[in-house]
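**Student:** The primary structure of each chain is shown beneath.
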Amino acid sequence: MVSTLLVTGDGALSYDAGSVTLPRTVAQEGAASKAADLQGSFSLADVSVAYGRDRVIEGVSMYVPPRSVTALIGPSGCGKSTLLRCLNRMNDELGNVHVGGTITLDGADIMGRAMDPVELRMRVGQVFQRPNPFPMTIWDNVAYGPRTQGIRKRSELDELVEESLKGAALWAEVKNNLKKHAFELSGGQQQRLCIARALATKPEVILMDEPASALDPISTQQIEDTIAQLKDSVTIVIVTHNMQQAARISDQTAFMLRESLDEPAHLVEMDETRKMFTNPDDARTESYITGRFG
Amino acid sequence: MTTPPTHSGRRLGRTTTRRAAEAVVRAIIYLCGWMAIIILAAIAVFLMWNSFRAVNEAGLFTMLSGTAWYPTSSPGKFGMLPLIVGSLFVTGVALAVCVPVGVAAAVFISEFSGRLVKEVMKSIIEFMAAVPSVVYGLIGVAVLIPFVKDAFSLTSGMTAVTGGIVLGIMSIPTVISISEDALHAVPEELRQGSAALGNTRWQTTFKVTLPAASSGIFAAVMLGLGRAIGETMAVLMLTGNAAVMPASVFESVRTMTGTIAAEMGEVVQGGLHYSVLFAVGLVLFTITFGINLVADLVLERQRKRWRR
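If you're matching them up, the sequences are chains A and B in order.
Using our numbering, the first residue of the first sequence is number 1, and each one after it goes up by one.
Using our numbering, the first residue of the second sequence is number 1, and each one after it goes up by one.
Please keep in mind that the hints were generated in silico from the structure rather than gathered at the bench.
Below, a list of computed lysine to any residue pairs in the SDA-like style, where the Cα atoms sit at most 25 Å apart:
| no. | chain 1 | residue 1 | chain 2 | residue 2 |
| --- | --- | --- | --- | --- |
| 1 | A | Lys175 | B | Leu190 |
| 2 | A | Lys180 | B | Leu299 |
| 3 | A | Lys180 | B | Leu190 |
| 4 | B | Lys207 | A | Ser155 |
| 5 | A | Lys153 | B | Trp202 |
| 6 | A | Lys153 | B | Thr200 |
| 7 | A | Lys231 | A | Ala45 |
| 8 | A | Lys180 | B | Glu188 |
| 9 | B | Lys207 | A | Ser186 |
| 10 | A | Lys179 | B | Glu300 |
| 11 | B | Lys207 | A | Leu178 |
| 12 | A | Lys180 | B | Glu300 |
| 13 | A | Lys180 | B | Leu297 |
| 14 | B | Lys207 | A | His181 |
| 15 | A | Lys202 | B | Phe206 |
| 16 | A | Lys180 | B | Lys207 |
| 17 | A | Lys202 | B | Thr200 |
| 18 | A | Lys202 | B | Glu189 |
| 19 | A | Lys180 | B | Leu210 |
| 20 | B | Lys207 | A | Pro117 |
The structure presented is a predicted model; accordingly, all values stated were derived computationally and were not measured.
Extracted from the complex, chain A is given alone in its bound form:
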């Protein structure tokens, strides 16, 4: 699906990372040159979110480079998941949520009227905290998204299912049982099925909201391996509570914090993961990462 071309001569909204005050990232500079042929980069400028009157996030600006893993970390209730849901407009589903600022995907404003949230979600997939396979067979689960996109040909769907299951490192385990009900899989397998399901629509980005927090260590390891494989072909933004996980799998890390309940959360610091975990600029980042609070 060709996507970004849909946005026309709306110059003000086109991709221009330089005009936005972004946290300094090394990855950004490298990525900018490749941005032409790579898709799946997000630019956030002064993003704020309010649930009714309750402002939960304010002033978040960041750049998510394409084909990489970006981790969002921070204590509970700091708005990581809320920010994640802004990226595919799942906040729209909750109602009474107001999102301010600008978010662009490959230069196209995703919050404007020109962007259909339903179309956006075909480009920006999501994997949820708890595995949520649909009550149908493995094959039907994976083919669900492509069918929504209008693909009807059986051979084409078969191909997509295989490709997606391979992408999610589940193919070897289920290739002989594609007609099995998804609920018969283990929790870890179900979660990889959900990743495969998200991959099947050929998204540019996959959002993951603590995808391994409900899983055992071995399944977690498998999910992390899958993520490492995927980042060559898709941008991944992952929310995690597990600091080691962020350190292991991500290329850049953003640390968010809500300093008190009276004020909204904000982005403290975002940088290359290695730098964030060894030599962060902000003292609060260091305290959080070393486990002094949170």
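With chain A's structure known, arrange chain B on it following the hints.
**Tutor:** For chain B alone, kept in the frame of chain A given last:
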């Protein structure tokens, strides 16, 4: 009057009266629990006992397959088939009315309405279920009978369709509330997952939510059907009560329930006709029992599925 301490010493304060009281309470609760089953079994036995003479003298198969219902001629003819077909026709029309409307309303309430609308609708539907059936019958007599007569240019508006439409309306609350429960029980994560794959609300509802709730909705339909087939007063007022084999739903019919209610007052206690009416009741009881049993089994299967 304390009992001697037991080896653990924990029961020091428990008196024998208290222990006896507990045993009594337990027995009462136990009995109440079994009461439902006892009553149900008693009804079945009672019906069978009273229809024994009919089965013996008229023959079960002859009654079930006979098409002539002339209970007062001599000798009386007790072919129940017109009554059974009458009930099925009326119930079929009722289902055609209550299933689409009921399921659609449940989908609206569960998937598309706001919280306020939801609450208001739910209480109105409960109120709808509380209206006595004779009132529905009255409205049917005043409004629907002339309407059906004109709309289908019939000689009489008292037909299976008339009764079925009113029965369908009466069954709608049952279908709505149980379907709504089934839709509500579908985990929110599934809807979110579907939305995140680029599906609209409608697509999510049709492709994920409704299939996931299908067994619950099936149970709702079955219970609505049970309600429709057992209803008496409204059909008695609306279907014309002609105990002959109907050729279509646009003819007058007599249902099983209507027959029992209309004829029971005029029979000789203990007579053959009396016994035959009990046999009709037994057939009706068997049908509704079967329907409810199937609905329960299906619901239980759904529950197990989500527990995983």
